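Using the sequences and the hints, build the whole thing.
Number of protein chains: 2
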Amino acid sequence: MEKTNAKDNATLPAYALDDKDLAILRLLQQNAKITVRDIASQIHLSTTPVHERIKRMEDSGIIKQYVTLVDHAKVRKGLMVICYVSLKEHNKKSGAKFIKTINELHEVIECYNISGEFDFMLKVVAENMDAYYDFHVNKLSQIENMGHLQSVFVMGIIKQTHQLVN
Amino acid sequence: MEKTNAKDNATLPAYALDDKDLAILRLLQQNAKITVRDIASQIHLSTTPVHERIKRMEDSGIIKQYVTLVDHAKVRKGLMVICYVSLKEHNKKSGAKFIKTINELHEVIECYNISGEFDFMLKVVAENMDAYYDFHVNKLSQIENMGHLQSVFVMGIIKQTHQLVN
DNA sequence: ACTGAAAGACACAGACT
DNA sequence: AGTCTGTGTCTTTCAGT
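Protein chains in written order, with numbering that gives the first Met the number 0: chain A, 0 to 165; chain B, 0 to 165.
What the hints contain is simulated information worked out from the structure, not anything from laboratory work.
None of the values given here were measured: they were computed from a predicted structure.
The hints are all genuine.
Only pairs whose alpha carbons sit at most 30 Å apart, straight line, appear in this in silico DSS-like list of lysine-lysine:
| no. | chain 1 | residue 1 | chain 2 | residue 2 |
| --- | --- | --- | --- | --- |
| 1 | A | Lys158 | B | Lys32 |
| 2 | B | Lys32 | A | Lys32 |
| 3 | A | Lys32 | A | Lys63 |
| 4 | B | Lys138 | A | Lys19 |
| 5 | A | Lys99 | B | Lys158 |
| 6 | A | Lys63 | A | Lys91 |
| 7 | B | Lys54 | A | Lys63 |
| 8 | B | Lys19 | A | Lys138 |
| 9 | A | Lys96 | A | Lys138 |
| 10 | B | Lys19 | B | Lys54 |
| 11 | B | Lys54 | B | Lys32 |
| 12 | B | Lys54 | A | Lys32 |
| 13 | A | Lys158 | B | Lys99 |
| 14 | A | Lys54 | B | Lys158 |
| 15 | A | Lys96 | B | Lys158 |
| 16 | A | Lys87 | A | Lys99 |
| 17 | A | Lys87 | B | Lys158 |
| 18 | A | Lys54 | A | Lys19 |
| 19 | A | Lys63 | B | Lys19 |
| 20 | A | Lys138 | B | Lys158 |
| 21 | B | Lys32 | A | Lys63 |
| 22 | A | Lys63 | B | Lys63 |
| 23 | B | Lys63 | B | Lys96 |
| 24 | B | Lys158 | A | Lys63 |
| 25 | B | Lys63 | A | Lys54 |
| 26 | B | Lys158 | B | Lys32 |
| 27 | A | Lys32 | B | Lys63 |
| 28 | B | Lys158 | A | Lys92 |
| 29 | A | Lys63 | A | Lys19 |
And the structure:
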């Protein structure tokens with residue numbers, strides 16, 4: 000069935016996406032629940048090739064996940080904070096420990112290794128300022144090897160999209 | 000915390016979510032394509048109440064959107080940059096103009112109004128450094144009223160989730 | 001690679017407890 | 001609010017072009 004083993008598919012494009020693949024991705028990015036029939040009619044194809052193309056993009060990891068987005072404020076996570084972290088020591092072991100801890104903190108929804116004066120950038124969500132203060136003082140600050148910490152508060156969301164393919 | 004407009008109900012929870020609603024949200028956040036039957040069996044309910052609860056959460060805006068996530072590198076958007084922007088003037092009109100322009104730039108996938116020395120934080124994706132340089136010089140810098148600009152490069156993704164409800 | 005048809009799984013609505 | 005049952009629509013497979 001499959002030509003290549005999809006084990007080591009972490010970096011490079013698995014194959015060249017043609018215009019029809021990109022059209023499918025454009026539609027799926029906006030609405031994960033669009034029907035195969037609907038896609039098929041919009042790109043002037045029958046369901047079978049559309050279904051096969053989606054399957055191929057799922058198997059090759061181009062399509063990573065279908066997720067449901069929830070309204071921040073309505074689930075009581077109205078406060079968003081960008082948090083900068085630098086560690087005291089920069090050896091492999093302490094870095095790995097930090098990463099493990101971050102992955103266990105559900106308030107942290109994103110974490111990036113960044114260039115510049117800080118080591119990491121975190122996106123944190125909390126119900127309100129009290130909850131964030133508690134998180135900052137009792138969880139973040141308590142991480143071993145923690146160096147400097149700086150919080151930048153998000154006052155408004157101007158744009159938020161997951162549309163990588165345009 | 001987000002500002003409220005008088006005409007929309009964007010801020011407050013529409014109603015109290017019970018444990019079953021939260022259980023449904025937890026499953027949907029991880030997989031938008033999970034079947035109602037599957038959810039029903041996992042939370043020990045039949046399909047009808049699950050279906051009704053999902054519908055209610057969609058209608059009230061708690062569930063915002065079902066999206067498909069695509070692998071950055073595999074669609075040739077391997078470079079992620081955090082970009083800080085300050086405007087020269089801070090009147091309402093120039094702010095609105097900036098927001099309009101940002102929404103038209105498909106390289107910008109997120110934009111927040113932030114506290115601190117800069118006005119906005121942008122998350123930008125590009126194929127490579129050449130593409131980002133072109134975006135920076137020919138698009139971002141050319142925006143009228145543009146003040147200071149600072150780029151922070153993402154060297155590694157430690158954590159990325161959309162799981163707001165835990 | 002694609003079309004068209006056909007089987008099985010599913011969402012969704014109705015009658016009822 | 002919930003279960004059970006039925007109907008129409010969908011995904012998914014298969015034979016054929």
